[in-house]
Amino acid sequence: MTESIHLLTGAYAVDALDPDERTAFEGHLAGCSDCQDELRGLTETAARLGAAAAVTPPASLKAAVLGQIGNVRQLAPLPQLVDDAALAPVVRLRPGRGPALLTVAASVLGLIAVTLGVLLAQNKSQTAELTARSQEVARVVTASDARSFGGDIAGGGRGAVVISDSEGKAVLLASSLPSPPGGSIYQMWFIDSAGKAVSAGTFAPDAGGSAAQSLAGSPAGSAMVGVSVEPAGGSTQPTTKPILAVNLG
Amino acid sequence: MIASTSPELLLGAVARGDHGAFEQLYDHIAGPVLGVARRVLRDPAQSEEVAQEVLLEVWRSASRYDNGKGSVLAWVLTIAHRRAVDRVRSAQARTDRELREASRAHAVAYDEVADEVESRLEHEQVRTALESLTDLQREAVRLAYYGGYTQREVSELLDVPLGTVKTRVRDGLIRLRDTMGVT
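Those protein sequences? They're chains A and B, same order as listed. Mapping of the first sequence onto the working numbering: residues 1 to 249, in sequence order. Mapping of the second sequence onto the working numbering: residues 1 to 183, in sequence order.
Hints were generated in silico from the structure; no laboratory data involved. Be aware that a few hints might be false.
Stated by the list, open to error - FRET-style restraints, in silico, Cβ to Cβ:
no.	chain 1	residue 1	chain 2	residue 2	range
1	A	A232	B	V160	48 to 58 Å
2	B	S132	A	Q36	42 to 52 Å
3	B	D66	A	G183	28 to 38 Å
4	B	L9	A	T239	32 to 42 Å
5	A	P231	B	D135	21 to 31 Å
Stated by the list, open to error - Below are the EDC-like pairs computed for lysine to aspartate or glutamate, each with C-alpha atoms no more than 20 Å apart in a straight line:
no.	chain 1	residue 1	chain 2	residue 2
6	A	K62	B	D27
7	B	K69	B	D159
8	B	K69	A	E26
9	A	K169	B	E8
10	B	K69	B	D18
11	A	K62	B	D18
12	A	K62	B	D178
13	B	K69	A	D34
14	A	K62	B	E49
15	B	K69	A	D37
Built from N, CA and C at the ideal position, the CB exists for glycine as well.
Produce the entire structure from the sequences given, and follow the hints as far as they go.
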């Protein structure tokens, strides 16, 4: 909520932010109604700049697009229930609001905002399960003893692990994750200081490459959280080099 | 009814899978989408590829449009601009410094390229509004929006501090908003 992050509305409206800045600003935006209001007007303004550049498209473009829509499945509407009920506590997050948030870096706040959008975008038919999952994620990241740890994803993207000892849970947040190769899936691991890995469940990122995932089991005694690509169904031990390794401490 | 149906109404029907409504929506948005892609990417073949992706994305994600966040055209052009700059920036990452140098030349030349403007009136309004900005505001907004440069790159191209670019892009857009009466 510093003055300088408010100033990024303009650059955000014209896509002039680097990926890290964009993520951090989106994290801020989720909780700042002033910026949301201003951004709405600036986005409309940018659209006027765009409309002024309109050109007459070739007939071949129309034929190509109309010829393809029959093969493109449309997304279902977002489940409103989850939007309103489960994410409200997270969307209200602001740096400096409470002791828990002092330990959550701005980049992680950004990841939280981005990746919780993922929960909304997932299977609309499983609303109850989604609500439970997003509430679990929300409980961990808003816990008074939440601690966050970040790491880079091999090949680009950022990941973070948020741990709450009082909840006894850990949550993985990631953005810009590539889709796992066909027939494989991402698997999360708790790894102790001796290098022993215990599976913490599997997941697939959404189409936008984001994930917000609660890890199965307790983080107690772990020195690291790792994510590796494993055959569908998961493995008992990691079989590939982790694409993300986050040191917990 | 066909000519006067607003993009907002059409998009609702598109979200329910109405091909006819999408065809009408296409007529509203394809020109601006291709125009944005062309401005940022320059290359006609790449611009058409991006425009096609964007138009299919509009079909795919029509149900996700939130009218509380603005007009359909703004939503569509936000997608188009984002795709176009993502394409430019991934190409930049790949070809590294050489392309950066080329980009600088392009930044100087972009304004001299003749525009095939479909809507003269819209163009005139925007041109007049751009003229009401200070030179630095105008160049910062143009390089960022039409050039697809990051604020860091704009700062290098104009040789002014990053913080100055940040504020000029914002206050330039605010001035444009007020001059054009955007609500």
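For this session: Starting from the hint list further up, note which numbers the structure goes against and sort them upward.
Result: Violated hints: 2, 4, 5, 7, 9, 10, 12; rest satisfied.
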